[in-house]
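**Student:** Start counting the sequence shown at 1; every next residue gets the next number (the UniProt record's numbering).
Be a bit skeptical, because a hint or two may be false.
Below are the DMTMM-like pairs computed for lysine to aspartate or glutamate, each with C-alpha atoms no more than 20 Å apart in a straight line [unchecked claim]: (1) LYS96 <-> GLU166; (2) LYS233 <-> ASP251; (3) LYS112 <-> GLU252; (4) LYS262 <-> GLU252; (5) LYS262 <-> GLU236; (6) LYS112 <-> ASP143; (7) LYS112 <-> ASP68; (8) LYS96 <-> GLU107; (9) LYS96 <-> GLU122; (10) LYS96 <-> ASP143; (11) LYS112 <-> GLU194; (12) LYS96 <-> ASP177; (13) LYS233 <-> GLU252.
Hints listed in this document are in silico derivations from the structure and should not be mistaken for laboratory results. Keep in mind that this is a model prediction, so the values were computed, not measured.
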Amino acid sequence: MERPAFRVSGFVAVAGLLVLAVVGLVVILATAGDSDASTAVSTVTVASVFALVLAVVASGFTIVNPNDAQVVQFFGRYVGSIRAAGFHWTVPLTAKRRVTLRVRNFETARLKVSDADGNPVEIAAVVVWRVVDSARAAFAVDDHVEYVAVQSEAAVRHMATSYPYEAHDSGRASLRDSSVVSEELTQELRERVELAGVEVLESRTTHLAYAPEIAQAMLARQQASAIVSARFKIVEGAVGMVSNALDRLRDEHVVELDEERKAQMVANLLVVLCGDRAVQPVVNTGSLYS
Numbered sequence: 001m002e003r004p005a006f007r008v009s010g011f012v013a014v015a016g017l018l019v020l021a022v023v024g025l026v027v028i029l030a031t032a033g034d035s036d037a038s039t040a041v042s043t044v045t046v047a048s049v050f051a052l053v054l055a056v057v058a059s060g061f062t063i064v065n066p067n068d069a070q071v072v073q074f075f076g077r078y079v080g081s082i083r084a085a086g087f088h089w090t091v092p093l094t095a096k097r098r099v100t101l102r103v104r105n106f107e108t109a110r111l112k113v114s115d116a117d118g119n120p121v122e123i124a125a126v127v128v129w130r131v132v133d134s135a136r137a138a139f140a141v142d143d144h145v146e147y148v149a150v151q152s153e154a155a156v157r158h159m160a161t162s163y164p165y166e167a168h169d170s171g172r173a174s175l176r177d178s179s180v181v182s183e184e185l186t187q188e189l190r191e192r193v194e195l196a197g198v199e200v201l202e203s204r205t206t207h208l209a210y211a212p213e214i215a216q217a218m219l220a221r222q223q224a225s226a227i228v229s230a231r232f233k234i235v236e237g238a239v240g241m242v243s244n245a246l247d248r249l250r251d252e253h254v255v256e257l258d259e260e261r262k263a264q265m266v267a268n269l270l271v272v273l274c275g276d277r278a279v280q281p282v283v284n285t286g287s288l289y290s
């Protein structure tokens with residue numbers, strides 16, 4: 001789990017480093033005038049120690065950019081993370097690893113999978129994510145960016161096999177129901193990438209189509225389904241119109257029809273209303289029964 005690392009302002013540390021350098025320089029100059037051999041050795045020793053101390057102290061400086069974090073390790077041991085942007089000084093002799101906290105987009109390749117009905121489809125999705133735990137992102141997985149990419153493709157494949165491309169039964173969700181699919185995909189991705197300290201903000205499908213080998217057949221099926229639906233609506237409307245016409249003729253006493261003539265009238269009206277071609281009318285100049 002991420003925890004804050006020890007840090008102080010880098011400018012304060014620079015000021016302290018300058019004071020230390022000045023003190024060391026004064027000590028060296030004070031002993032440099034003596035020509036004694038032992039004094040010269042002591043001067044060299046003091047200068048070397050001060051140089052070593054300055055180098056060790058300087059190794060603790062680090063710069064953190066906005067929406068970045070520095071993961072600090074001391075000889076392999078995790079000591080904390082620095083999230084505040086700016087110039088900082090932390091534990092010397094530590095390794096610092098940059099982990100970006102910015103929001104990222106990842107778009108999967110077009111994957112060919114079989115949907116819940118066994119039809120091959122092509123699907124792709126975009127995933128919006130960010131790092132929320134720099135320690136997990138750095139140490140829980142080998143490469144958190146690659147981990148998100150692999151898990152995203154795995155989640156998209158799993159989701160595609162759980163739903164049909166089209167729902168032929170009422171009340172059944174399909175891959176074309178973007179709201180349902182996106183919500184489930186986002187939830188599954190959050191569970192998959194939580195180990196890496198990553199939060200998935202949103203995910204949506206960007207491409208969805210039948211595979212080329214069955215696209216033509218599925219198009220014909222969709223056209224047939226649309227024709228059947230349209231015919232159903234036409235027949236439903238025609239029946240209502242015929243029923244309304246018979247009721248009005250009876251209620252307004254326009255004409256009295258027996259059952260046989262009613263059946264003939266219903267048949268003629270249905271032919272006119274349900275036909276897909278223009279109807280040629282025939283005018284009966286005789287009686288109603290001739």
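**Student:** All hints are to be evaluated individually against the structure, with a verdict given for each.
**Tutor:** Cross-check of the supplied hints:
1. At roughly 51 Å between alpha-carbon atoms, LYS96 and GLU166 are farther apart than 20 Å, so this suggested pair is violated.
2. Of the pairs offered as hints, the one joining LYS233 and ASP251 is violated, with about 27 Å between alpha carbons and a cut-off of 20 Å exceeded.
3. About 64 Å separates the Cα atoms of LYS112 and GLU252, which puts this hinted pair outside 20 Å; it is violated.
4. A C-alpha spacing of about 16 Å is found between LYS262 and GLU252, which places the hinted pair at or below 20 Å, so the restraint holds.
5. In summary, the hint linking LYS262 to GLU236 is supported, as the alpha carbons are separated by about 19 Å, within the 20 Å threshold.
6. The straight-line distance between the Cα atoms of LYS112 and ASP143 is roughly 26 Å, outside the 20 Å bound, and the hint therefore fails.
7. As the CA atoms of LYS112 and ASP68 are separated by approximately 36 Å, the hinted pair breaks the 20 Å bound.
8. For the hint pairing LYS96 with GLU107, the CA-to-CA distance comes to about 30 Å; that exceeds 20 Å, so the pair is violated.
9. In summary, the hint linking LYS96 to GLU122 is not supported, as the alpha carbons are separated by about 42 Å, beyond the 20 Å threshold.
10. At roughly 16 Å between alpha-carbon atoms, LYS96 and ASP143 fall within 20 Å of each other, so this suggested pair holds.
11. With a C-alpha separation of about 27 Å, the suggested pairing of LYS112 with GLU194 is violated against the 20 Å cut-off.
12. For the given pair, LYS96 sits about 45 Å from ASP177 by alpha-carbon distance, which is inconsistent with the 20 Å threshold.
13. Between LYS233 and GLU252, the direct Cα distance comes to roughly 28 Å. Violation of the 20 Å bound is thereby established for this hinted pair.
In summary, the numbered hints that this structure violates are 1, 2, 3, 6, 7, 8, 9, 11, 12, 13.
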